[in-house]
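> Chain residues, written in single-letter form:
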Amino acid sequence: MDLNFFIIVFIVSITNLILGLFVFFRNWKSPANFAFFGVALSVSVWSISNYIGEISLGYNGVLFWTKMTFFGSFFIPAFFLFFSLCFPVQRYNNLISKIFIFLPPILLSFLLIGNTIVSGINSLYVHPIEPLFGPFYPLFGCYFITASVFSFIIFWRKLKIVKVRQRIQIYFVLAGFFLALILASITNLILPAFGYSQLGNIGPLFTIIFVSLTAYAIVKHHLMDIRFIVVKSITYFFLFFTIILVYTFFIFIFGALVFKNFTGIEAYWASMIVALAIAFTIQPIKRVFTRWTDRIFFKDNYNFEELTSKLNEVATSTIVLPELLFKFLNFLMEEMRITRGALILIEKGKIYETESIGYKQAINLLPKEIKHLVNDNKTEVFDEIEEGDFSKDIMRSYNTSLILHLKTEGEIIGFLFLGEKKSGDIYSFQDIRVLEIITDQVALGIQNAKAYGKTQKFNLVLKAEIDRATKELRDVNDRLVQADKSKDEFISLASHEIRTPIAALEGYLSMLNLQKVDIKARDEIAKRSYESVERLSTLVKDLLDVSRIDQKRIKLNKQPTRLERLIQRAMEGFELQTRDKKIYIKFQKPEKMLPEANIDPERVGEVFNNLISNAIKYTYKGGITISLEEKDNMAQITVSDTGMGIPKNAISHLFQKFYQAETASSVLSNERGGTGLGLYISKNIVEMHGGKIWVESTEGKGTAFYFTLPLI
Amino acid sequence: MPKASSKRKRILIVEDDVALRNVYEMRLKLDGYDVIVAGDGEEGLSIAVKEKPDLVMLDLMMPKISGMDVLDILKSTPETKKISVIILTALTQESVKTKGFVFGADDFMVKSESKLEEIVGKVKSLLK
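Residue numbers (my numbering), protein chains in the order written: chain A, 1 to 712; chain H, 1001 to 1128.
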């Protein structure tokens, strides 16, 4: 055999084997990588066996290696079919499909041991070797075609369900396959048909195209942005083409026109000048080509310097954190044409603030996810992370292609999550470098805004706190002043109220010593003294009540009570007074007896006494009517009189402590001299029972007090 | 002892507290004075103008018209100018006392500091 064939086989086997092993060891847990390794290995086995068969001597040796060639080729479609199930996403990969895939080649291999597929060799001296086919040989052909067709169907269906990046990966695989197939067909099928069989030996070489493109598709890496490579190649192609053209042109000019005899020293000078010209022009020319190609191929590309200067503008445009986050994101996504973006700020292992654009779900990182990302402390590129890594799971669950860390002074203050690019391209090495530089700037801006926000917030909190404390102090002070004032008022009024009956009492008692006081006068003095003492004791009792009410120390002794009876008993106490004043007092009983009331009879009795005595005090003709009725499950009592009435301006003060209406004072009202506490106490007693008290009055016509009490 | 009713001296008590009014009234009647009472300033003023008593015992803190105003009016009206006025009040401030004298009060007594007999003594001396 010729050396060329050996070299080709050697290259094919070694290259395929190395690529297979490279992919396999890159991630040997991944079924796709394993399947690919299987394909590469089978191709190598096929290729090597083919070669050894050709150079073997002796019938058995040739037959063995020919059979090995078949053995290798059984597994090529099998592993390729398996690969189609696993790559780029797994589908239908289960035990049954594995049996269906691998059972036929295993069975065929067993058949191969016998002579049913390959029965022998045509001739030891004809190259390439021509095997003699057994009866089961068509099975192999059927299997090969079926498996290939299935592989394509599977890839075809996957094209519709996978993402952009994965679709590109499938394209690579299919392109490699078809390219290899077409080229091999030309050299091994079409050309031999026209009598050129010499090229048949280079057929295996085309498997390299398929294997390497597939390998690339699997390990597709941001370091190898295919477009970038293509663009650079084109640029350099044009560059060299131009240089060669220019160089040739100059040599021609110098040779043909400037120097007649273009030899020796002149030729050296000319070459030197041209070389110098090229040396000086190569950079500008290259720049021109780069710009042209960039304009064509990287239409959506960004200019780094422009990007950073614009970013600075954004960073200095605002100091309000949420606004800044939004602006940063918006800027990045616009400039770099990214589908989604989110900034997640963390503090003490928890989310501090987030902003996202384009994400359908909120990125609420769990504490363990934050912890993992912080510990990882490196830019996370989805395509590069191996399956099973927690980072990959995080990125998958948040539909994110790239995670960058925001760092200031070595501390991670947050993350930048990015979705894929709008173009569907992967993030190139350059993209990631740029983004890393940008995130450092972003982090600094955020840190400033955060510090500002915290100071601001702290100021606000402090101000609010001070305001609150000040208000509280002021309120307390107001209350104290008020309390002090009312206490002073109370004491001065109380002492005045107490002093007057005492002065009266003192006066009467001193009169007893006078000679001129007769028996009749003594009786009068005794009676008046008694009245004063009576008034004094009422006053003291009322004052105690008021102080108990004010300190909320009154306890009600509630019991079921018949209001009718309570009212009648209260009225009895006033019979003498009304008779003296020649006014009536009557009780309008309800038509139907009311249920018992749940009240403290003693306290409510005080209310009746207060209201009735008030009514009597200000009534000079007519009389007092007390009525009782049921309204909304409450007992409503009315004490109305035909007295002088209460002026409108006095009504609102009526239930205040020590209040006595001015008109109440008249020489006609000989009984005047209440404590001004009765209504205040009554109101409180009624309200403690859950009732209400109010008054209606017409000056000159009369007054009606109403109050309600709870029934059982 | 009491003379003919026309010769009896008349005293008007203007006091809003019933008990006190009653004490003064009773005590002064015991000494044979003709006593009329009023419960507030307005009433007091109208009675004073109508009845022209010989002496008015005037409380200061009263509803409607204060004692000080009653005093001012009485002392600035020619017909009532000659009526003696004793201010009888619960107020102890010197300023009130001074004001009372400026308005023409004949005497000034603080209720809580004056025994009934002292008051009667003042009345008697003023009516001599």
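Hints are computed from structural coordinates only; laboratory data are not their basis. Backbone N, C-alpha and C define an ideal beta-carbon position, used for all residues, glycine too. Worth double-checking, as some hints may not be accurate.
[What the hints assert, rightly or not] Partial list, computed: chain H residues near chain A (C-beta under 7 Å):
{"no.": "1", "residue": "Lys-1111"}
{"no.": "2", "residue": "Ser-1112"}
{"no.": "3", "residue": "Leu-1116"}
[Said to hold, decoys possible] Straight-line Cα separation of at most 27 Å, DSS-like style, residue types lysine-lysine; simulated pairs:
{"no.": "4", "chain 1": "H", "residue 1": "Lys-1115", "chain 2": "A", "residue 2": "Lys-485"}
{"no.": "5", "chain 1": "A", "residue 1": "Lys-581", "chain 2": "A", "residue 2": "Lys-555"}
{"no.": "6", "chain 1": "A", "residue 1": "Lys-516", "chain 2": "H", "residue 2": "Lys-1097"}
{"no.": "7", "chain 1": "A", "residue 1": "Lys-657", "chain 2": "A", "residue 2": "Lys-555"}
{"no.": "8", "chain 1": "A", "residue 1": "Lys-378", "chain 2": "A", "residue 2": "Lys-485"}
{"no.": "9", "chain 1": "H", "residue 1": "Lys-1064", "chain 2": "A", "residue 2": "Lys-621"}
{"no.": "10", "chain 1": "A", "residue 1": "Lys-527", "chain 2": "H", "residue 2": "Lys-1097"}
{"no.": "11", "chain 1": "H", "residue 1": "Lys-1007", "chain 2": "A", "residue 2": "Lys-657"}
{"no.": "12", "chain 1": "H", "residue 1": "Lys-1111", "chain 2": "A", "residue 2": "Lys-581"}
{"no.": "13", "chain 1": "H", "residue 1": "Lys-1064", "chain 2": "A", "residue 2": "Lys-516"}
{"no.": "14", "chain 1": "A", "residue 1": "Lys-657", "chain 2": "H", "residue 2": "Lys-1115"}
{"no.": "15", "chain 1": "H", "residue 1": "Lys-1124", "chain 2": "A", "residue 2": "Lys-520"}
{"no.": "16", "chain 1": "A", "residue 1": "Lys-29", "chain 2": "A", "residue 2": "Lys-378"}
{"no.": "17", "chain 1": "H", "residue 1": "Lys-1009", "chain 2": "A", "residue 2": "Lys-516"}
> Work down the list of hints and note, for each, if the structure agrees.
Hints, one by one, checked against the model:
no., hint, verdict
1, Lys-1111, "holds (6 Å)"
2, Ser-1112, "holds (6 Å)"
3, Leu-1116, "holds (4 Å)"
4, Lys-1115/H with Lys-485/A, "violated (31 Å)"
5, Lys-581/A with Lys-555/A, "violated (36 Å)"
6, Lys-516/A with Lys-1097/H, "violated (34 Å)"
7, Lys-657/A with Lys-555/A, "holds (20 Å)"
8, Lys-378/A with Lys-485/A, "violated (71 Å)"
9, Lys-1064/H with Lys-621/A, "holds (24 Å)"
10, Lys-527/A with Lys-1097/H, "violated (35 Å)"
11, Lys-1007/H with Lys-657/A, "violated (47 Å)"
12, Lys-1111/H with Lys-581/A, "violated (31 Å)"
13, Lys-1064/H with Lys-516/A, "violated (37 Å)"
14, Lys-657/A with Lys-1115/H, "violated (30 Å)"
15, Lys-1124/H with Lys-520/A, "holds (24 Å)"
16, Lys-29/A with Lys-378/A, "holds (23 Å)"
17, Lys-1009/H with Lys-516/A, "holds (18 Å)"
Checked against the numbered hints given earlier, this structure breaks hints 4, 5, 6, 8, 10, 11, 12, 13, 14; the rest are met.
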